[in-house]
Amino acid sequence: MSLPAIIESIIFAADAALSLDRLCEMLPEYERGDIKTALTELAEFHEGRGGGFGLVEVAGGWQFRTHPVLQEYVVRHIKAKTAKFSQSALETLAIIAYRQPLTRAEVEHLRGVDCGGVLKSLLEKKLVKILGKKDIPGRPLIYGTSKEFLEVFGLKDLKSLPTLREIQALDETPQFERQEELPLEPDQAPPVDSSLLFDDPE
Amino acid sequence: MSLPAIIESIIFAADAALSLDRLCEMLPEYERGDIKTALTELAEFHEGRGGGFGLVEVAGGWQFRTHPVLQEYVVRHIKAKTAKFSQSALETLAIIAYRQPLTRAEVEHLRGVDCGGVLKSLLEKKLVKILGKKDIPGRPLIYGTSKEFLEVFGLKDLKSLPTLREIQALDETPQFERQEELPLEPDQAPPVDSSLLFDDPE
Amino acid sequence: MNPAREENPTLLDGFRDGYSVHLDKFDGPLDLLLHLIRKNEVDICDIPIADITRQYLDYIKLMKVLNLDVAGDFLLMASTLLHIKSRMLLPPDDEEESEEEEGDPRAELVRRLLEYQQYKEAGMVIGARALLGREVFTRACPDPALSAARTEEGPLEVSLFELVDAFRALLARIPKESFHDVAPGDSLNIADCINEILSLLQDRDTLQFDELIKDELTSERVIVTFLALLELCRLKLIRIFQNGEYGAIWFIPAVAPEQAGSAGEAVQSPV
Numbered sequence: 001m002s003l004p005a006i007i008e009s010i011i012f013a014a015d016a017a018l019s020l021d022r023l024c025e026m027l028p029e030y031e032r033g034d035i036k037t038a039l040t041e042l043a044e045f046h047e048g049r050g051g052g053f054g055l056v057e058v059a060g061g062w063q064f065r066t067h068p069v070l071q072e073y074v075v076r077h078i079k080a081k082t083a084k085f086s087q088s089a090l091e092t093l094a095i096i097a098y099r100q101p102l103t104r105a106e107v108e109h110l111r112g113v114d115c116g117g118v119l120k121s122l123l124e125k126k127l128v129k130i131l132g133k134k135d136i137p138g139r140p141l142i143y144g145t146s147k148e149f150l151e152v153f154g155l156k157d158l159k160s161l162p163t164l165r166e167i168q169a170l171d172e173t174p175q176f177e178r179q180e181e182l183p184l185e186p187d188q189a190p191p192v193d194s195s196l197l198f199d200d201p202e
Numbered sequence: 001m002s003l004p005a006i007i008e009s010i011i012f013a014a015d016a017a018l019s020l021d022r023l024c025e026m027l028p029e030y031e032r033g034d035i036k037t038a039l040t041e042l043a044e045f046h047e048g049r050g051g052g053f054g055l056v057e058v059a060g061g062w063q064f065r066t067h068p069v070l071q072e073y074v075v076r077h078i079k080a081k082t083a084k085f086s087q088s089a090l091e092t093l094a095i096i097a098y099r100q101p102l103t104r105a106e107v108e109h110l111r112g113v114d115c116g117g118v119l120k121s122l123l124e125k126k127l128v129k130i131l132g133k134k135d136i137p138g139r140p141l142i143y144g145t146s147k148e149f150l151e152v153f154g155l156k157d158l159k160s161l162p163t164l165r166e167i168q169a170l171d172e173t174p175q176f177e178r179q180e181e182l183p184l185e186p187d188q189a190p191p192v193d194s195s196l197l198f199d200d201p202e
Numbered sequence: 001m002n003p004a005r006e007e008n009p010t011l012l013d014g015f016r017d018g019y020s021v022h023l024d025k026f027d028g029p030l031d032l033l034l035h036l037i038r039k040n041e042v043d044i045c046d047i048p049i050a051d052i053t054r055q056y057l058d059y060i061k062l063m064k065v066l067n068l069d070v071a072g073d074f075l076l077m078a079s080t081l082l083h084i085k086s087r088m089l090l091p092p093d094d095e096e097e098s099e100e101e102e103g104d105p106r107a108e109l110v111r112r113l114l115e116y117q118q119y120k121e122a123g124m125v126i127g128a129r130a131l132l133g134r135e136v137f138t139r140a141c142p143d144p145a146l147s148a149a150r151t152e153e154g155p156l157e158v159s160l161f162e163l164v165d166a167f168r169a170l171l172a173r174i175p176k177e178s179f180h181d182v183a184p185g186d187s188l189n190i191a192d193c194i195n196e197i198l199s200l201l202q203d204r205d206t207l208q209f210d211e212l213i214k215d216e217l218t219s220e221r222v223i224v225t226f227l228a229l230l231e232l233c234r235l236k237l238i239r240i241f242q243n244g245e246y247g248a249i250w251f252i253p254a255v256a257p258e259q260a261g262s263a264g265e266a267v268q269s270p271v
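Chains as they are written, first to last, in UniProt numbering: chain A, 1 to 202; chain B, 1 to 202; chain C, 1 to 271.
Source of the hints: derived by calculation from the structure; they are not laboratory data. These numbers come from a predicted model, not from an experiment. Please note that a few of the clues may not be correct.
Derived contacts from chain C toward chain B, CB cut-off under 7 angstroms, selection only [as the list claims (entries may be wrong)]: (1) D27; (2) L30; (3) C45; (4) D73; (5) P91; (6) K120; (7) A122; (8) V125; (9) A130; (10) L132; (11) V136; (12) F161; (13) N189; (14) A248; (15) I249.
Each residue gets a CB set at the ideal place from its N, CA and C atoms; glycine is no exception.
Required output: the full structure, derived from the provided sequences and hints.
Right, dumping it as structure tokens:
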């Protein structure tokens, strides 16, 4: 592979700008002068081709950056970033999914912390909905999961939610203990030097 | 600014692969057909220039990725994930990939061995996901491969997996016979010419 | 020691010759069988069942000698092999032949082996691909333009497994008595049934009792469905109607879906 391609791949995959010194350190088989020339040539090449990004020297290091003129377009993507669930949102949602219908107080009892904020954001995301009011003093609201919840998780109906037992079953190995005595002939296996057996040929 | 440059900048800045649909949504002022053509041309251009990275189609989206042959250099700066796939993990993944949707019992029947632990670790790594429940007595969970599976294995979609017939044909070439002599760990299988397997951006 | 072993090269002789094997690396009985078939250079479609069975059993003994866990799957296969071997030793029985004579008793095993071999190879092929994070890398450095503005959130991305796992972690953390029904009995429980009814009512306004039990008319199902309905009634989530004596039992949601009021306000209300 050519030196420019090598340098390009290293800079591309790096998590921060890389200085010439650092690059030389990583590529001891190449001359510093050649690395320097390759960098300049690469920068010129990318500038000349008029693509969407270029190789620039910033704060003492080299980095690929999108062109400032294209920022308008680049920023459009930000909104597409998929939202990640926080652990508390996931837990709350799980409680509601598996224990619905239930009240906020019941969710909080299980989680041991206040859930107002999380519940609100789940309602805003329409994953959870209000089913009605419970007929006890205070008439608290009762929550359950929504149709959107089923869509996000690709479920046909709530019945298709995997049960805890099914997930737990993954940790369990089916037991065949009884067969232990089964088919083996009574004669003893020959003594084997067990140290031999694990000899790794590698 | 030219459309290819705009597309390049968006994909380059994005932190995940972007689908054609998503790009069209973000660029309503351009025709879908033009965007599609630009993507193909960009992929060809980057392949042709022999740089350190290319534009490839994975998991239904477009993304810049380094070339596998440059791995040696890239890892001098960043750590490669040491997460190795055991033979059982790969076998299980292959079965799920080719036979999905299917239940744990079906996987175990094909492998002849309990797969709970493997299945759980594949779920944790998000390579496999729960698709729902099968409509048979006991309503067992059914599994399939995830988007992450396509991303990690660099596949455009499930159809770009080599067919089982192709794999069998591979086995008949003398090249594969050499593995006879090897230790039984798949990790130590001879490196297959990865350029063969790397999906050409098409 | 079994004298037969002197004539027939076995797995164990292989070890003496310095051929080494990762004992714990066989991924189940089919994997081990394939290994033996390759090692003996025999045709997979015409397995010398006596030889292969003996070598297979030797192997299991070896695992025991070395105090390795012999998984049930291996023992199950051992009995299958012995069964096939005994059937092959028996003279062909005319009566049996008429019933189930499919020919070779090895056929089913061969089919499984061939199928397994396919996936084993497929696993090797996909494992040899250039993998993201191993041979192939994406850009790790966030674009400065992106870090400038992070506003809206896009579509949600979370897997079902994460949801169940979160719930499982939660259950592990908290004392058991906090739950009224931690471990649901078998396949049927009231909570599931309530969920089922609630999801059906998301799409429709009325439901009939009969519809809920029509797939599975067992007394358990009827009782659980009935209890679920009572619970939903108690919570004032549904209302129940009957068209005259012995008529069909209908129920409808007690609250229209959109009636619940503004979400934000609702959450803030005292509990």
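Do the hints match the structure? See the list:
This hint holds: D27/C has a C-beta 5 angstroms from the nearest C-beta of chain B, less than the 7 angstroms allowed. Because the closest C-beta pair between L30/C and chain B is about 4 angstroms apart, less than 7 angstroms, the hint holds. Violation of the interface hint for C45/C is found here, the shortest Cβ-Cβ separation to chain B being roughly 14 angstroms, above the 7 angstroms cut-off. For D73/C, the suggested interface contact is upheld, since its CB lies about 5 angstroms from the closest CB of chain B, less than 7 angstroms.
For P91/C, the interface hint is violated, since its Cβ never comes within 7 angstroms of a Cβ in chain B; the closest pair sits about 30 angstroms apart. Evaluation of the K120/C hint against chain B yields a held restraint, the C-beta minimum of about 6 angstroms falling below 7 angstroms. Nearest Cβ of chain B to the Cβ of A122/C: about 4 angstroms, under the 7 angstroms cut. The hint holds. Annotation: interface hint on V125/C holds; nearest CB of chain B at approximately 5 angstroms, less than 7 angstroms.
Contact between A130/C and chain B, as hinted, is supported at the beta carbon level, the nearest pair being about 4 angstroms apart and thus within 7 angstroms. Evaluation of the L132/C hint against chain B yields a held restraint, the C-beta minimum of about 5 angstroms falling below 7 angstroms. Here the hint on V136/C is kept, as its CB sits about 5 angstroms from the closest CB of chain B, short of 7 angstroms. For the restraint placing F161/C at the interface with chain B, the shortest Cβ-Cβ distance is roughly 4 angstroms, inside the 7 angstroms limit, so the hint holds.
With 7 angstroms as the threshold, the beta carbon of N189/C stays out of range of chain B, its nearest partner Cβ sitting at about 13 angstroms, so the hint is violated. About 26 angstroms separates the beta-carbon of A248/C from the nearest beta-carbon of chain B, more than 7 angstroms, and the hint is not met. Against a cut-off of 7 angstroms between C-beta atoms, the interface hint on I249/C is violated, since the closest Cβ of chain B lies about 26 angstroms away.
Consistency note: the structure conflicts with the earlier hints numbered 3, 5, 13, 14, 15.
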